[in-house]
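Undergrad: Could you build all of it, start to finish, from the sequences and the hints given here?
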Amino acid sequence: MNRVVHRRAASAGASRCARGFTLIELIVATAILIILTGMAIPLVRVTIQREREHELRYDLWMMRDAIDRYKDAADRGAFQIKVGSEGYPPDLETLVTGVDAGGKKLRFLRKIPIDPMTGQAEWGMRSMQDDPTSDSWGGQSVFDVYTKSQGTALDDTKYKDW
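Taken in order, the sequence shown gives residues 11 to 172; the numbers are from my numbering.
Calculated directly from the structure, the hints in this document are not laboratory data. Every value quoted in this text rests on a predicted model; they were computed, and no experiment measured them. We put the CB at the ideal spot given by N, CA and C, even for glycine. The reader is advised that the hints may include incorrect statements.
As the list claims (entries may be wrong) - Dumping the calculated DSBU-like pairs for lysine-lysine here, alpha-carbon to alpha-carbon at most 35 Å: (1) Lys92 <-> Lys170; (2) Lys158 <-> Lys92; (3) Lys115 <-> Lys170; (4) Lys114 <-> Lys168; (5) Lys114 <-> Lys92; (6) Lys81 <-> Lys158; (7) Lys81 <-> Lys114; (8) Lys115 <-> Lys92; (9) Lys158 <-> Lys170; (10) Lys92 <-> Lys121; (11) Lys121 <-> Lys168; (12) Lys121 <-> Lys158; (13) Lys81 <-> Lys170; (14) Lys81 <-> Lys115.
Said to hold, decoys possible - The calculated label-pair distances, taken between Cβ atoms and stated as ranges, are: (15) Lys121 <-> Leu43: 39 to 47 Å; (16) Thr167 <-> Ile37: 43 to 51 Å; (17) Met138 <-> Ala111: 21 to 29 Å; (18) Glu35 <-> Val56: 45 to 53 Å; (19) Ile44 <-> Arg67: 43 to 51 Å; (20) Pro52 <-> Lys168: 20 to 28 Å; (21) Ala41 <-> Trp71: 45 to 53 Å; (22) Trp172 <-> Thr57: 14 to 22 Å; (23) Val56 <-> Arg79: 29 to 37 Å; (24) Gly113 <-> Arg55: 21 to 29 Å; (25) Ile45 <-> Gly97: 56 to 64 Å; (26) Met138 <-> Ala88: 18 to 26 Å; (27) Ser144 <-> Thr57: 17 to 25 Å.
TA: Rendered as structure tokens:
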């Protein structure tokens, strides 16, 4: 009878140790997951910022290309231009709505893209008459576009200087 009681006591102690060991494993595994998550969050943030910067560069390129194509068409005499515009579009909306060229509508841009840095379809514009470092637009024509974001890129340049 002593042996039976002793075995029960030994098996009860063993299950208590096994439960404690499982709890320790759970704590260690949770700690490892927390550390790995803490390391992954900054990488995800940098990846998201890099994607937004790539989208900004593409949007700026697309609008500048549309401005250049408008200027080329104006220089070829494909449509009438306003005196003093130097062949540049009067605003970004003109690139979307297009101009009448001999009964045919010439469009240069499908839509004005949303600025990935500000989340709005508002862009800074410069005309030929504006100072290159100016943030105000004279309203004569659109020679260049830039983002209105005051943020800094991953390469430590200002987005508005791109």
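Undergrad: Hint by hint, say whether it matches the structure.
TA: Status of each hint after checking the structure:
no. : hint                          : result
1   : Lys92 <-> Lys170              : holds (28 Å)
2   : Lys158 <-> Lys92              : holds (27 Å)
3   : Lys115 <-> Lys170             : holds (32 Å)
4   : Lys114 <-> Lys168             : violated (40 Å)
5   : Lys114 <-> Lys92              : holds (19 Å)
6   : Lys81 <-> Lys158              : holds (24 Å)
7   : Lys81 <-> Lys114              : holds (17 Å)
8   : Lys115 <-> Lys92              : holds (17 Å)
9   : Lys158 <-> Lys170             : holds (6 Å)
10  : Lys92 <-> Lys121              : holds (23 Å)
11  : Lys121 <-> Lys168             : holds (25 Å)
12  : Lys121 <-> Lys158             : holds (18 Å)
13  : Lys81 <-> Lys170              : holds (23 Å)
14  : Lys81 <-> Lys115              : holds (15 Å)
15  : Lys121 <-> Leu43: 39 to 47 Å  : holds (43 Å)
16  : Thr167 <-> Ile37: 43 to 51 Å  : holds (45 Å)
17  : Met138 <-> Ala111: 21 to 29 Å : holds (22 Å)
18  : Glu35 <-> Val56: 45 to 53 Å   : violated (33 Å)
19  : Ile44 <-> Arg67: 43 to 51 Å   : violated (36 Å)
20  : Pro52 <-> Lys168: 20 to 28 Å  : holds (22 Å)
21  : Ala41 <-> Trp71: 45 to 53 Å   : holds (46 Å)
22  : Trp172 <-> Thr57: 14 to 22 Å  : holds (20 Å)
23  : Val56 <-> Arg79: 29 to 37 Å   : holds (35 Å)
24  : Gly113 <-> Arg55: 21 to 29 Å  : violated (52 Å)
25  : Ile45 <-> Gly97: 56 to 64 Å   : holds (60 Å)
26  : Met138 <-> Ala88: 18 to 26 Å  : holds (20 Å)
27  : Ser144 <-> Thr57: 17 to 25 Å  : violated (34 Å)
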